[in-house]
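One line per chain: the protein sequences are A and B, in this order.
Quick note on our numbering: the first sequence kicks off at 1 and runs consecutively.
Quick note on our numbering: the second sequence kicks off at 1 and runs consecutively.
No lab work stands behind these hints, which were simulated from the structure alone.
Just so you know, even glycine gets a beta-carbon here, dropped at the ideal spot from N, CA and C.
Watch out, some of these pointers could steer you wrong.
[As the list claims (entries may be wrong)] Partner residues aside, some chain A positions facing chain B, computed with beta carbon under 10 Å:
| # | residue |
| --- | --- |
| 1 | G104 |
| 2 | I111 |
| 3 | L131 |
| 4 | D310 |
| 5 | I376 |
[Stated by the list, open to error] Some chain B residues flagged as far from chain A (calculated, every beta-carbon gap over 10 Å):
| # | residue |
| --- | --- |
| 6 | D73 |
| 7 | E92 |
| 8 | E129 |
| 9 | V225 |
[Stated by the list, open to error] Cut-off 30 Å, straight-line C-alpha distance, at most; resulting in silico cross-link-like pairs (DSBU-like, lysine-lysine):
| # | chain 1 | residue 1 | chain 2 | residue 2 |
| --- | --- | --- | --- | --- |
| 10 | A | K366 | A | K74 |
| 11 | B | K126 | B | K88 |
| 12 | A | K74 | B | K26 |
| 13 | B | K182 | A | K74 |
| 14 | B | K109 | B | K126 |
| 15 | B | K126 | B | K182 |
| 16 | B | K109 | B | K182 |
| 17 | B | K26 | B | K182 |
| 18 | B | K126 | A | K74 |
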Amino acid sequence: MPRRTDRDGTPAYRFLGVEVTRREAVFLLVGVVVLFIVPDLTTVSDSLQLSVIHQGLLFGFAAVGLNLLLRHTKLTSFGHAAFFGTGAYATAVLARYAGVQSVGLLLLGAIAAATVMAAIIGVLSLRHTGLYFALLTLAFGQLLYAIALGQSALGGSDGLPIRPGPANQPLLFGTAFSPDVYQVLTYYLTVVVILIGLFVMYRITQSPFRNALDAIGQERTRARFIGLPVRRYVWVAFVISGIYGGVAGGLFAVVRQYIRPEETLFFLRSGDILFMAILGGFRTLVGPLLGGVVLVFLQDVGQDVTQYYDFLTGVILLILVYGFPRGIVGSLQSGGIVNTRLGELRREPSVLSTWGQTAVETTERKLAESMTSLRIILFGAD
Amino acid sequence: MLEARNLRKSFGELVATDDITLEFGKDEGELVFIVGPNGAGKTTFINLLTGFLSPDEGEIVLDGEDITGMSADSRVDAGIARSFQVVKVFEEMTVRENLRTVVLTEQGKTWSLFSMADGHEDVETKVEELLARFRLEDAADTIAEELPHGDRKLLDVAMSFGLDPEYLLLDEPTSGVSTREKEYVIETIVEVGRAEGVTTVTIEHDMDIVTEYADRVVALHQGAVHGVGPPTMLETDDELRRLLLGVGDDE
C-alpha cells in the first residue's frame with residue numbers, strides 16, 4: 001500500500017519505491033489514463049491516428065532506453081536504431097523461418113537478439129568515448145542496415161512480413177483477432193510494456209547503479225579512482241538501453257506486421273531516437289517517450305502539409321536548442337523555463353515589456369557576433 | 001607495506017621517474033611528504049603507484065604482492081586511494097551524493113539496480129560520519145560545482161578517505177587554497193589520517209606544512225630520489241634547500 005512520506009516539506013507518497021508528491025501523482029494518473037484512452041480518442045478526431053501515436057510511443061520507448069546512456073554516462077549513441085532494428089528483424093525471422101506465432105515468444109526473441117547485439121556492439125564501441133564512440137555506434141548501425149539490405153533471406157530493401165501461421169498474423173493469448181481489434185490490443189500491450197519499462201527505468205535511476213553511471217559521466221577519471229571498473233558499468237548500461245530498443249523494435253514488427261530496413265535500421269532512425277530524447281527532455285524519465293510521440297506526430301502531419309517536412313524538424317530543433325534546451329518535459333517541470341516565466345508573468349505582468357527588450361537586445365548582440373564571426377571567417381581577421 | 005622497486009618511466013626523451021625505490025607504511029599510519037622542485041617527477045611517481053600510468057621498468061609491491069599490472073580500480077579495492085592536484089569530484093552531485101557514491105562503491109553496492117541509493121543505512125551512517133569529520137555538514141546539500149575552493153578540496157580528500165584506504169596518496173591537497181584555509185585543510189587530513197591509521201603520502205610545496213606535520217620526507221629531483229629523512233632534513237641539507245628555494249616554494 002502507498003505510504004506517506006515527506007519530501008522537503010511537501011507530503012509525498014511512496015509505493016513500490018516510487019515516490020511522488022500529490023501534484024506528480026495527479027500528472028502520473030492523467031498520463032496513464034490518457035495512454036489507455038488513446039484508441040478511443042482517435043475515433044473522435046481524424047487528425048489523430050492510432051498507428052501514428054503507437055509508432056511514436058514505440059520509438060519514444062527506444063529513446064527512454066537511449067536516455068540511460070545520454071543522461072547518466074553522458075555518452076551519445078548515434079546507432080540506437082541498430083537495436084530497434086535487431087528486435088524488429090529477430091521478430092520477423094522467428095515468424096517467417098521458425099513459424100513462431102505467439103506474440104510473447106516473438107518479443108522474447110527480440111529481447112534476446114537485441115541483448116546479444118548490444119553486448120557485442122557495446123564491447124566494440126565502448127573502448128572510446130565522445131566523438132569516436134558516436135561514430136562507432138553509427139558505423140555498426142549502418143553495417144546492420146547494409147546486411148539487412150543485402151541479404152535476400154532478410155528481404156533486402158523490400159523487407160519482411162510478420163504473418164506466421166494459418167491465421168496470417170501473430171497470436172495474442174493464442175487467439176487470432178480481426179485486424180481492428182488486433183491493432184487496439186497490441187496498442188494496449190505496448191502501453192503495458194511501456195509502463196513496466198518506465199517503472200524499471202525509474203527504479204534503476206534511483207539505485208546505486210545510477211550513482212556509478214553518474215560518477216562515470218561527470219568525472220570519468222575520478223570514477224576509476226574510487227574503484228569503479230568504468231567500462232564494465234558503461235557496458236551494462238549500454239546493454240540495458242539496447243534491450244529497450246529491442247523491445248520497441250519487436251513490438252513495432254508485431255504491430256506493423258511488415259518491416260523494412262529504412263523504417264527500422266537506417267541511420268536517420270538513430271538520429272530520430274536521439275532527437276526524441278532531447279526534444280522531450282533528456283534529463284527526465286518520461287521526456288523521451290513524449291518526444292517520440294511529438295516527433296512522429298509532427299513528421300506525419302508535416303508530410304501532409306508540405307513536401308519539406310524535414311525543414312519543419314530542423315526548425316523545431318533550432319527552437320529547442322536556443323529556447324528550450326531542457327526539452328518539453330524539462331521546460332514544464334517546476335523550475336523549468338515555462339513555469340518560471342508564467343510565475344513571473346502572474347506576479348508582474350509588465351515583465352512582458354522587459355522580455356521584449358531583452359529579446360531585441362539579444363538578437364542584436366547575436367547578429368553582431370555573427371557578423372564578426374563571418375568577417376573573421378571571410379577575411380581571417382576582425 | 002607499499003613498495004616501489006626500481007621504477008622507471010620516461011616520456012620520449014624526458015625521464016620522469018628514474019630508478020625510484022621507496023617504501024611506505026613500514027610504520028603504519030605514517031605521514032610522508034614528497035617535496036621537490038617543479039618537474040621533479042612527484043606527480044608521475046604517484047600516477048605510477050596508483051595505476052594511472054604504468055612504469056617502463058620496475059615493480060610496485062603491496063604487502064609482498066606484485067601489483068604492477070593491476071588495474072587502477074582494483075588497486076583502489078586493494079586499499080590504495082588517491083586525490084588529484086586539480087579537484088576531481090562529481091560536479092553535478094551534492095556533497096552528500098558525492099560521498100554516498102564513494103561509500104556505495106567502496107561497499108560494493110553499485111551493482112544493485114533496484115535498491116534505493118539513499119536507502120542503505122550503513123552507507124548513510126558512514127556518509128554522515130564523513131560529513132562531520134571533514135566539517136562539511138553545512139555544505140552537505142550544495143552542488144559540488146558551487147562550493148568554495150577550500151571546501152572542494154576538502155570534499156576531494158573526504159572522498160578519498162571514504163574509500164577506507166590503507167594508503168592514501170594526495171597530490172597537493174593544498175594547492176590553490178588560501179593561506180588561511182591551508183592550515184585547516186592539512187590539519188583535517190592529518191587528524192583523520194592519524195585517527196584511522198592511514199599511511200598518507202602527500203605532495204606538498206609549502207615547507208612550513210611539511211616541517212610541522214611530516215614523519216618522513218622524500219625529496220625528488222629530476223625523477224630520482226634526492227634524499228629520504230626526517231623533516232629536519234629541509235634545514236640541514238643545503239643542496240636540497242637550494243633546489244627547492246631556487247625554483248621557488250611559493251606554489
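For each hint, the structure was consulted:
1. Interface restraint check: G104(A) against chain B, minimum CB-CB distance 23 Å, threshold 10 Å, status violated.
2. Against a cut-off of 10 Å between C-beta atoms, the interface hint on I111(A) is violated, since the closest Cβ of chain B lies about 17 Å away.
3. Hint on L131(A) is violated. Least Cβ distance to chain B is approximately 21 Å, over the 10 Å limit.
4. Because the beta carbon of D310(A) sits about 34 Å from the nearest beta carbon in chain B, more than 10 Å, this interface hint is broken.
5. With a cut of 10 Å, the hint placing I376(A) at the interface with chain B is violated, because the nearest CB-to-CB distance is about 32 Å.
6. Non-interface call for D73(B) relative to chain A: violated, since the shortest CB-CB distance, roughly 5 Å, does not exceed 10 Å.
7. Not every CB of chain A is more than 10 Å from the CB of E92(B) (nearest about 5 Å), against its label as outside the interface.
8. With a closest Cβ-Cβ approach of about 17 Å to chain A, E129(B) is found to remain outside the 10 Å limit, as its non-interface label requires.
9. Every Cβ of chain A is farther than 10 Å from the Cβ of V225(B); the closest lies at roughly 25 Å, confirming the non-interface assignment.
10. Restraint check for K366(A) and K74(A): satisfied, since their Cα atoms lie roughly 29 Å apart, inside the 30 Å limit.
11. The straight-line distance between the Cα atoms of K126(B) and K88(B) is roughly 21 Å, inside the 30 Å bound, and the hint therefore holds.
12. For the suggested pair K74(A) and K26(B), the alpha carbons sit about 42 Å apart, so the restraint of at most 30 Å is broken.
13. The hinted pair formed by K182(B) and K74(A) fails the criterion: a straight-line CA distance of about 34 Å is larger than 30 Å.
14. For the hint pairing K109(B) with K126(B), the CA-to-CA distance comes to about 14 Å; that is within 30 Å, so the pair holds.
15. With a C-alpha separation of about 25 Å, the suggested pairing of K126(B) with K182(B) holds against the 30 Å cut-off.
16. This hinted pair does not check out: K109(B) and K182(B) have alpha carbons roughly 34 Å apart, beyond 30 Å.
17. Restraint check for K26(B) and K182(B): the C-alpha separation of about 28 Å stays at or below 30 Å, so the hint holds.
18. Simply put, K126(B) and K74(A) have alpha-carbon atoms about 29 Å apart, close enough for the 30 Å limit, and the pair holds.
Violated hints, in rising order: 1, 2, 3, 4, 5, 6, 7, 12, 13 and 16; the structure is consistent with all others.
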